[in-house]
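K.L.:
Using the sequences and the hints, build the whole thing.
2 protein chains.
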Amino acid sequence: MENITIKVLASRLNLSATTISKALKDSYEISEPTKQRVRALAAELNYTPNTYARSLRTRKSETIAVVLPEIADHFFALVINGIESVVREMGYHVLIYLTHEDYEREKEILQYIKNGRIDGLLISITKNTITSDHIAQLEQENIPVIFFDRIIEQLQVPKVVTNDFESSYQATEHLLNCGCKKIGVCTIFADLELSKQRIMGYKQALKDNHITIDVDQVLCCTEDDKTYDQIYHKLQSVNRPDGLIAIVDKLTLPIYQACENSGLRIPEDLKVISFSNNPSASILNPSLTTISQPAFLIGQAAARLLINSLGPKYEQVQQDITIIPSELIIRTSTSLTNR
Amino acid sequence: MENITIKVLASRLNLSATTISKALKDSYEISEPTKQRVRALAAELNYTPNTYARSLRTRKSETIAVVLPEIADHFFALVINGIESVVREMGYHVLIYLTHEDYEREKEILQYIKNGRIDGLLISITKNTITSDHIAQLEQENIPVIFFDRIIEQLQVPKVVTNDFESSYQATEHLLNCGCKKIGVCTIFADLELSKQRIMGYKQALKDNHITIDVDQVLCCTEDDKTYDQIYHKLQSVNRPDGLIAIVDKLTLPIYQACENSGLRIPEDLKVISFSNNPSASILNPSLTTISQPAFLIGQAAARLLINSLGPKYEQVQQDITIIPSELIIRTSTSLTNR
DNA sequence: ATGAAAGCGCTAACAA
DNA sequence: TTGTTAGCGCTTTCAT
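Protein chains in written order, with the working numbering: chain D, 362 to 700; chain C, 362 to 700.
It is worth saying that the hints were derived from the structure and are not from the lab. Computed from a predicted model, the values in this text were never measured in an experiment. Among the clues, some could well be false.
For identical chains, the list gives no copy identity; a pair is met inside one copy or between any two copies.
[As the list claims (entries may be wrong)] Within a straight-line C-alpha distance of at most 30 Å, the following computed DSBU-like cross-link-like pairs (lysine-lysine) qualify:
| # | residue 1 | residue 2 |
| --- | --- | --- |
| 1 | K468 | K564 |
| 2 | K396 | K468 |
| 3 | K383 | K542 |
| 4 | K542 | K557 |
| 5 | K468 | K542 |
| 6 | K543 | K475 |
| 7 | K587 | K557 |
| 8 | K542 | K568 |
| 9 | K421 | K383 |
| 10 | K468 | K368 |
| 11 | K475 | K421 |
| 12 | K468 | K383 |
| 13 | K587 | K564 |
| 14 | K421 | K557 |
| 15 | K396 | K475 |
| 16 | K421 | K386 |
P.N.:
This is the structure we're talking about:
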């Protein structure tokens with residue numbers, strides 16, 4: 362089957378390729394009748410321009426990349442929905458790359474992404490990302506980069522996050538209001554900025570309420586396959602908390618299971634709050650108090666920032682960090698109980 | 362900053378562009394010393410080939426598209442993981458397009474995807490997709506298409522699905538074994554093949570067990586915003602089921618909520634099974650018996666089929682449909698109760 | 001209002 | 001083993 366190119370249209374209409382090209386872009390240089398003939402034939406033959414030829418010429422691909430750790434995570438899935446909602450209107454295409462928390466893989470991806478394949482990048486780093494050279498390199502190639510959720514603080518790149526510090530602070534105060542005396546916090550990301558912020562918010566809330574911070578109550582489960590054991594062990598110990606904040610949704614499952622298996626009742630023996638966007642939070646046993654992150658909005662904001670920076674160059678004066686607040690949704694897992 | 366192209370390398374090394382090109386592909390035509398010089402300089406200057414120039418020339422983009430209804434759905438997210446696991450090794454890139462169950466949008470996407478941007482397509486259709494012309498058109502452009510999960514039966518295109526009929530049959534028998542006398546089934550997809558298959562499996566199981574099929578027990582919630590009400594109403598009615606199979610995970614939430622709000626106890630008053638890949642099934646109240654679909658494997662199988670069909674042409678003799686079985690995971694929502 | 005010519009960066013056929 | 005030439009399909013001067 363013959364490939365329909367601009368040349369084909371041109372020869373069929375006895376026009377030049379140039380004229381076709383201009384007509385299809387509705388250029389003012391072309392007469393209305395000509396435009397109509399061109400459009401008619403293009404439609405008839407179902408012409409679509411060859412992306413690569415165009416991109417080669419214009420140095421624009423109308424494609425962005427989203428690099429993130431995981432997609433089977435409601436938070437990230439919603440972020441992608443947000444990104445897609447913006448990007449689709451602008452006619453951009455989205456390449457997705459998953460790092461699976463593998464830092465080397467992240468570097469690899471950025472390496473073979475920087476060849477002109479994309480116009481811009483949205484990225485949420487792995488929990489192991491320790492340098493930023495691979496990202497800075499993209500900027501050098503004039504590929505704009507926007508961080509979302511998992512950022513590198515030091516890098517001079519626009520970032521979109523939620524109010525990690527404040528929402529954690531708020532969660533801690535909520536637990537205090539529920540009568541918790543010994544509040545713990547649990548994370549699986551030792552080094553991510555968001556984790557640090559959330560732990561800082563927790564500590565600050567304790568401090569402001571004149572409660573001594575017990576480092577023993579900050580549980581850091583860095584190895585996936587030991588997460589459950591660590592939590593179980595912690596909940597069995599003498600120094601077990603009576604309130605627990607999970608920094609990330611992935612901890613919900615092991616926490617609930619550990620309680621189940623050790624006979625601890627939620628919320629009677631342990632009150633739980635988790636950062637989570639999982640819709641099933643409301644039908645867990647018991648229903649889970651969550652800090653619901655504005656995932657969709659984060660995606661939208663990041664995508665908008667990126668697309669703006671793709672337009673007329675050098676308007677990079679946008680504020681460096683965009684903060685969209687999370688929402689505390691109170692459910693049964695932090696219900697008041699008479700003890 | 363100067364753009365590093367093959368020409369730059371060529372002039373720096375006093376070689377021709379052709380030689381560089383061949384050297385970088387490790388062609389047998391080029392001498393080892395030359396190759397080394399080329400590689401060294403390429404590495405030093407951090408050369409990466411321009412994708413678009415290459416694609417324009419070779420008519421290969423090393424990119425596939427995945428078109429699906431939704432990403433914030435654990436099943437689809439896992440499918441994407443499966444796809445990515447295969448595609449990454451082969452050095453392919455993945456464009457993601459979400460239809461949000463919008464048939465028109467699906468057509469649009471396929472329209473502007475068929476311009477050479479992609480080498481192949483993996484698709485799971487919307488619940489409203491009624492024709493297949495837009496898909497057949499891609500095939501005409503020599504873009505291979507593979508269906509996964511949500512297929513169009515009639516189309517002569519490779520498909521990857523789970524054993525919808527059998528797993529539903531099995532679920533129904535499980536409910537019968539649990540003592541259910543009046544089993545219902547609930548779907549939100551009237552027309553999807555998978556929905557039909559699952560309902561047929563359910564009916565066949567009843568038939569084989571000499572139970573009269575009551576069409577009233579097939580609940581079809583086609584309008585999103587009425588789903589909850591329909592379910593609630595059904596569970597309130599005189600003819601309410603004592604066992605219920607949810608064709609899709611999205612129904613879990615409204616079913617649980619309807620039971621909660623109407624005072625029906627699971628599993629005492631109603632036993633529930635849902636097609637679901639949601640990890641939180643085990644910590645729901647009560648934990649949910651699920652039919653767990655092999656989402657990751659489906660993604661892998663589909664991706665492999667696609668990539669194979671991208672290689673040497675015309676080996677299209679692969680079997681038309683690949684069926685990967687689901688697994689019934691029995692939990693508390695179908696526990697035996699003494700009534 | 002239309003067209004000729006050049007070239008984006010690469011690769012493939014063909015020479016040398 | 002290396003180089004010359006041409007051209008993928010498009011857009012962009014710059015003429016006409």
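K.L.:
Against which earlier hints does the structure fall short, listed by number upward?
P.N.:
Hints 1, 3, 5, 6 and 14 contradicted; others consistent.
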